[in-house]
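*Asks:* Same order as they appear, the protein sequences are chains A and B.
Reminder that position 380 of the first sequence reads as 379 in numbering that gives the first Met the number 0, one-by-one numbering, no gaps.
Reminder that position 156 of the second sequence reads as 155 in numbering that gives the first Met the number 0, one-by-one numbering, no gaps.
Bear in mind the hints are in silico, worked out from the structure with no lab data behind them.
Among the clues, some could well be false.
Derived lysine to any residue pairs resembling SDA-like cross-links, with alpha carbons at most 25 Å apart [claimed, not checked]:
1) B/89 with A/30
2) B/236 with A/47
3) A/47 with B/68
2 protein chains.
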Amino acid sequence: MITIDQLNPRLRSAEYAVRGPIVQRAQELEEIGRKVIYCNIGNPQALKQRPLSYVRQVISLLEYPDLLGDPATADRFPADIVERAKSILKHHPHGTGAYTQSQGIPFVRQAVAEFISRRDGVPADKDHIILTDGASKGAQSIIMALLREPRDGFMIPIPQYPLYSATLTLYGGAQIGYFLDEKHRWQLSERILTESLNRAAAQGIRPVCLVVINPGNPTGAVLTPENIAMVVAFARKHHLAILADEVYQENVYARGMKFVSFAKVFHDLHESQVTLFSLHSVSKGYLGECGHRGGYLELRNVPDDVLAQFVKQQTISLCANVDGQLATYLMVSPPRPGDESYETFVRERDDVLRSLKIKAEILGRGINAIPGMHLEVPEGAMYAFVRFDLPPSPASPGSVMNDDEQRAVRMERDEAYCLALLEETGICVVPGSGFGQEPGTFHFRTTFLPPREEIEELVGSLRAFHLRYTNRAVAESMGS
Amino acid sequence: MITIDQLNPRLRSAEYAVRGPIVQRAQELEEIGRKVIYCNIGNPQALKQRPLSYVRQVISLLEYPDLLGDPATADRFPADIVERAKSILKHHPHGTGAYTQSQGIPFVRQAVAEFISRRDGVPADKDHIILTDGASKGAQSIIMALLREPRDGFMIPIPQYPLYSATLTLYGGAQIGYFLDEKHRWQLSERILTESLNRAAAQGIRPVCLVVINPGNPTGAVLTPENIAMVVAFARKHHLAILADEVYQENVYARGMKFVSFAKVFHDLHESQVTLFSLHSVSKGYLGECGHRGGYLELRNVPDDVLAQFVKQQTISLCANVDGQLATYLMVSPPRPGDESYETFVRERDDVLRSLKIKAEILGRGINAIPGMHLEVPEGAMYAFVRFDLPPSPASPGSVMNDDEQRAVRMERDEAYCLALLEETGICVVPGSGFGQEPGTFHFRTTFLPPREEIEELVGSLRAFHLRYTNRAVAESMGS
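Bound conformation, chain A alone (with noise of 0.2 Å):
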């Protein structure tokens, strides 16, 4: 029988604190019946966020095309729609339950392209777009392709989306992690930038990439222009290849900002040097469709040969689930004004953005009002990375622990802290080391997309439980 020292230390290294312990903690505290507020991933839909209609309408057609064909369909459903299902189908007559191209349906990449010139004003080529289940895949087959060598790094941010981290340690590549800078609305900084470099090269570490997450996650922080540019004129400098992170694209809510992509600021620069792999998902912005698994990546400025190789790494997975593919499409083509379904559309779109906003206020005024308790009032994205105060601990003072130690304390502070927030209030979120946070300092990552009423009971829960928690640990400490 294998045993657990037969498997790959890889593997067993890899951590993924999104879903990690305190989450299966607070499966079994449902499984006995007690109510679990879910706020440790950003799932809308798990969250009563509703999909939008006009995307699951044509996949519904898609999926049983006979409805094409029945009269009451044209009383049902809106005309745009009907028709759109009818012009996929005649564009793809094999529907939804044959492989397709491994790099993905030429006219959805086609869409993505126009989409990508649409939103940046810049030239797109569907040759260069991959379509991926998700944009965790594409990050994935990135990683997997610019990986020569364990001392190969890629440069992450800190906090980071874990999914960077765990895949960098199940396929051998090194982590250069990068601070961002709290106090500067969590901007990329080029002093910390370089001195991460430098410290990865006196380790012998190779930097062959960036990765930056716009809007953040879980910083909730969006990038100004003025910021990418420093980082674009960083990896040309370090011949560093860039990977954007841009699936919050849509999540921006803080007055005056606005989303810019990778894309855009390389076309005004005249950038033609530095690699830039862009990915996007229908998991997040206003749709919401995790469970579709469907997303895309885009390359630029990269040679055939080297696109050649990441078509081929798809064709290993043979292609992308087709409806993920197709709620790609939909998401870059949505109803245009004119259309019977447009309306509609509009209507639930705002809806959802406007209520993404109200919540991250009210999540980002109640928060800061607790006594102890600190964040940037979100920008974009669906998360809040809250600063929260523990007393000192008590070995701290005088201390004979090292670093490592030290370290290993703090984190089992910060995990300890989010473990009793969920047993005593059913309250998930994911403690700040699962993502990294500055040294001595104490975060958790909640997202804002519960119900309105939802996420203000759960700042009333949680300055209840903050109170109540770092009353006990003082106690505790000048008892010990």
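Start from chain A and add chain B according to the hints.
*Replies:* Then chain B, alone, in the frame of chain A:
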């Protein structure tokens, strides 16, 4: 800009013949208006196989649950289908748009466990089932989990399905090929297995797992229970895990043959030591739902800590697509006698399987009647692995080529043959070198999925082409 030599050398080496250069050429020919018969890949619905109604009806309703509230739905869908969709939503209210548990939706895993118990008369546990995006992802997760270092090896059949060789190359493990015995209906031979193992050990390779594909791809062979029992004993003796790729389990056509699972043989032998990984998929069988990317992995004889590592590995990609999970649920729990949809289900299922059986026979008889061509009439799966003779190559007699050069020429020769076949007839098949073949033999793999008329036409074109091609080769050889 990233250059080709900055890419992972393992990616550059990986080859996946089923979607290789010949298929790319076929796509080019199709784009300039030539008719191509795609026999390269088991993609039934691209070759006009109709999806089963019950699968699509349920998924269609789940994609747009508003239909469930519509009185007209009762007129249009069988009563049990509407009930089924409602019951799924009751068990899984998040529907198709939310991430699920990483391991897969619990009630679907429960249904899979019950399916295995019913099929084999053995106990099965939902917590030992992982739902995957097609069987390919299941296979890749096993390979990733069991490779500790480059000298760890997987025993894979020759000929094999190139997913295994490509993934081993990509993840950096060793391939230990073992020939299937063409003279004995492509069964496994203990002698050949032992020789392969010894050869690998002599090269310093440490075998960790034995891959068996049953029914066979590309061979179309169905293993007997005795042959499987031999394999289990071999694995026990040599401390190997078994990966049983059983995605063609519903595709058994030969009179008197029956699919027997590894799980059943394990149970009958009271095998409690060898670790077994079994794969199944919605892509094959009578569903043919390749585009939905659904399937499962069952683990037997694994300790809990090993199971936990497999589950953790799933978390890194969040979860399999939900429609694929639901298609898997529908595959393992089809309509039952008494259900309104039962008769349609039986008729559609039997039509698909009967048609495949007839086409396998037409192809088998037709090809065996071509001088210089031979195949075992497929007992199962969707493929025939056809052996064909070529005249001695110009360089062969009195050649001074070494083994490697000979091999290169041979590989070129079967590829050249398949390319000429494509160019002259539009028939797209995969050269035997993509799967592996005994040195000095030539094969190609073809599916028997095209409609019956096309299969008959295909046999005729193949006969004319083969005579033309071999005559030409003889003439060239004499001229040289």
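*Asks:* Keeping to a limit of 25 Å between CA atoms, is the pair of residue 47 of chain A and residue 68 of chain B held or broken?
*Replies:* 18 Å, holds
*Asks:* Holds or violated: residue 236 of chain B with residue 47 of chain A, Cα cutoff 25 Å?
*Replies:* Roughly 54 Å separates the two Cα atoms, so the pair is violated.
*Asks:* Would you check the hint for residue 89 of chain B and residue 30 of chain A, treating anything up to 25 Å between C-alpha atoms as holding?
*Replies:* 16 Å, holds
Checked against the numbered hints above, the structure violates only hint 2.
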